[in-house]
Amino acid sequence: MTALDRPDVSLALDPEEARRVRAARFERVGKWLLPLAIMVAAIWLWDRICVWNEIPRYILPRPGEVLYTLYADAGLLFGSLLVTLKITFLGLALAVAGGVGLAVLFAQSKWVEMSFFPFAIVLQVTPIVAIFPLINIYVDNQTAKLLLCAWIVAFFPILSNTTLGLNSVDRNLLDLFKLNGATRWQQLVHLRLPAAMPYFLGGLKIAGGLSLIGAVVAEFVAGSTGQSSGLASRIIEAGYRLNAPRLFAALILISFTGIVIFLVLSLISHLVLRRWHESALKQER
Amino acid sequence: MLQTMEPKTAEAAGGAPLLMLRDVGKTFSNGVTALGRVDLTIREGDFLSLLGPSGCGKSTALRLIAGLSTPTTGLLDWRGDGAGGRFDTGFVFQEPTLLPWATVFDNVWLPLRLRGVSRTEATPAIREMIERVHLTGFEEAMPRELSGGMKMRVSIARGLVTKPRLLLMDEPFAALDEITRFRLNHDLLELWQEEKFTVVFVTHSVFESVFLSNRIVVMAARPGRVFGEIAVDAAYPRDEAFRTSPDYAALCREASRVLVDAMDAGAGDDRP
Chain A
8 MTALDRPDVS
18 LALDPEEARR
28 VRAARFERVG
38 KWLLPLAIMV
48 AAIWLWDRIC
58 VWNEIPRYIL
68 PRPGEVLYTL
78 YADAGLLFGS
88 LLVTLKITFL
98 GLALAVAGGV
108 GLAVLFAQSK
118 WVEMSFFPFA
128 IVLQVTPIVA
138 IFPLINIYVD
148 NQTAKLLLCA
158 WIVAFFPILS
168 NTTLGLNSVD
178 RNLLDLFKLN
188 GATRWQQLVH
198 LRLPAAMPYF
208 LGGLKIAGGL
218 SLIGAVVAEF
228 VAGSTGQSSG
238 LASRIIEAGY
248 RLNAPRLFAA
258 LILISFTGIV
268 IFLVLSLISH
278 LVLRRWHESA
288 LKQER
Chain B
1362 MLQTMEPKTA
1372 EAAGGAPLLM
1382 LRDVGKTFSN
1392 GVTALGRVDL
1402 TIREGDFLSL
1412 LGPSGCGKST
1422 ALRLIAGLST
1432 PTTGLLDWRG
1442 DGAGGRFDTG
1452 FVFQEPTLLP
1462 WATVFDNVWL
1472 PLRLRGVSRT
1482 EATPAIREMI
1492 ERVHLTGFEE
1502 AMPRELSGGM
1512 KMRVSIARGL
1522 VTKPRLLLMD
1532 EPFAALDEIT
1542 RFRLNHDLLE
1552 LWQEEKFTVV
1562 FVTHSVFESV
1572 FLSNRIVVMA
1582 ARPGRVFGEI
1592 AVDAAYPRDE
1602 AFRTSPDYAA
1612 LCREASRVLV
1622 DAMDAGAGDD
1632 RP
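Order-wise, the sequence lines are chains A and B.
Numbering-wise, this note's numbering comes out as the position in the first sequence, counting from 1, plus 7.
Numbering-wise, this note's numbering comes out as the position in the second sequence, counting from 1, plus 1361.
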């Protein structure tokens, strides 16, 4: 495998193979360099636009100023980030527990799935912002409100993916289990759950981002109560005060958090599946 | 149109009846009769091939024997005394059907694991079985790292690890290339002679059935039924020399002839 990764340079290559090696090398470097270059160019352009048009800092701050705010307001912003992160991860954990639990329940009987799946869909397709006023009436605790929102937004992809995975088991393997007198529990633990793993991890990757969105959106709608202090509240507050640099700084923190969550979940997925699943294998020619 | 041929007796096998299919038939809920009324005796130590065109019910028959499906008519008489319960059977599918997330070792362990045998307890049996199919050294490999032939070896080891008296094989080598198939044919025969289990082997290859079995049961379609039987009395062990012998050629000719007749008999409405 490693020998294939690095072709022996002393090898006499025909033009086609040499071209392929060059293309592969360019792709390895370009994959990182190109997006980075575009990003730097965009930030430079942003800075220039501010200067050329003499845009006031409360409308569009220069990138440098945003960066400085990130540093100067670090205590405030990172404290808020922690609050948002707490809601995001608790929401995600509950979504995993609820989504997988319900999916396993659905997998036990076609009837249960047929009866309850429509409710899950209703919960999914109704915009969370529209449900929130109701949650606001019924739930007192601020954290519980936000958690409920994050959970509602994040649990569906886990539920639907895991359900699909639990049902996508090789028919012959099911026969083999039956032939060997496997119990339902053995069938679940040794066959259905491992088979559902790639599907579950795919759902988890989506749910991670959604959980963050759920947490932020919930805080936006709940923000009027003035009790929360997550990043969304900071953005609203900064908006009222025309503190655009802080607004941008908070926004960057949220995006960055989303990216990190996605990368971490992708890494987990890769580590779990790398030994057996097609999606985690390096392409071999 | 419909013709039957007198089945040749298979005295060569001579073992005690292991399983008698008495008047066994299967009709699916969509009205298709996969298997008409089949009477068939499987004897202890048989290597019995079910040979026939697609749609003749050979796979259905195998699933009925395995207990994966229940017959519409008739009964499966284990030991042929009307009283015996079913034995442990091993099953090898057309595809290797391995757990992709488990190593070779754990895949072979599976049937024992499902019977509650711990890894430590099962280890000697698993190691022995892996050695018997010539995969020693690959215990910790994942299925995706193996070739098609090696995966099928794992599948055979898994089918035999419980020491079943009856091994059911559903076109196990159909998807393999010829060289690999020949080698697996040879190794399977070796295992069968050493372990003395009984095999029911579904195939649509005349050459494979003649090389492997002592009895070939030819089946016809519409409805699936036993059309005739050919006794292959060539001695075991059979090696590559047997494949080129005149006996082998003659047996293949005979089997082909019966198969063609069976296909004519089962062609039904498909004929122009």
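Since the hints were derived computationally from the structure, they do not count as laboratory data.
It cannot be assumed that every hint is accurate.
Selected chain B positions facing chain A (Cβ under 10 Å, derived; list incomplete) [unchecked claim]: (1) Leu1429; (2) Thr1450; (3) Gly1451; (4) Thr1464; (5) Met1503; (6) Arg1519; (7) Ala1610.
Here a beta-carbon is modelled for each residue, glycine too, at the ideal position from N, C-alpha and C.
Report the numbers of all earlier hints that the structure fails to satisfy, in ascending order.
7
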